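A.B. asks: Sequence:
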Amino acid sequence: MKIAYINPNSTAAMTEGIVAVAAAALPVARIIGITNIDAPSAIQGPEDGAAALPGVLRLVAEAEADGAGAIVIGCFDDTGLAEAQSITDLPVLGIGQSAYVMAGLMGRRFSVVTSLAVSIPVITENIAAGGYAPNCAGVYASHLPVLTIDEGSEPTRAHLAACLTEAAKTSGAVVLGCAGMAGLRADLARRTGVLLIDGVAASAHLAAAAAGYRRT
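Counting from 8, one number per residue, gives the positions in the sequence shown under our numbering.
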């Protein structure tokens, strides 16, 4: 099975990190990553999302033509998810969507810790539109830019751990609200003792399930 992860931003290092996390979560699948080279270097707020959308839709068509069995939008804002689903018969998931679904499957009320405050309205709207709001205790900003999170320095990890610990006070699990946090999950879990839900790993399992169901 081939699962294509489309990174809506133009930072190839983030694509590589997303693919590594997804491949570790689902080693039986072939995980490929595609970078939206004509987009902003990070998706931080609705303007960046709008700028990335044309490239995302172009890459959806490319992934389908390349034989992908499922497609994942590798941005926590689920940039272009609905539009992508409208142009292909393949299962298309977002890592934000997948994290919310996984929290529900695990029976956990969740909170979200994301990057900058500008992303909160987008994420909140996605949660409401998907029907996940009753299960969400809140969406909080770490006030760290996406690329700073992705670099994962020691000060960044310590700061994120503090944010996650605080968010966990209102919920049974915390969703990592940035693709750059995916590779930090194990370390952050050790630091906090909190159940952390990573949408990249969750989406790998859910995409495989959706693709398998589609084949039947």
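Don't take every hint at face value.
Cross-link-like lysine to any residue pairs, in silico, SDA-like; alpha carbons within 20 Å at most [said to hold, decoys possible]:
1) K176 / I127
2) K9 / A72
3) K176 / A148
4) K176 / A196
5) K176 / A140
6) K9 / A215
7) K176 / P152
8) K176 / P141
9) K9 / R65
10) K9 / A27
11) K9 / A217
12) K176 / H150
13) K9 / R222
14) K176 / N142
15) K176 / R164
16) K9 / A68
17) K9 / G219
18) K176 / S160
19) K9 / N142
20) K9 / A31
Cβ-Cβ distance ranges computed for the label pairs, FRET-style [as the list claims (entries may be wrong)]:
21) T177 / R197: 18 to 28 Å
22) R192 / L154: 15 to 25 Å
23) G74 / L202: 33 to 43 Å
24) R222 / I94: 26 to 36 Å
25) A216 / T131: 23 to 33 Å
26) R65 / A169: 13 to 23 Å
27) S48 / G114: 16 to 26 Å
Calculated from the structure, these hints are not laboratory results. These numbers come from a predicted model, not from an experiment. We treat Cβ as the ideally placed atom computed from N, Cα and C, and that holds for glycine.
A.B. asks: Could you tell me which of the numbered hints above are not met by this structure, giving the numbers in increasing order?
C.D. replies: Violated hints: 7, 18, 19, 24, 26, 27; rest satisfied.
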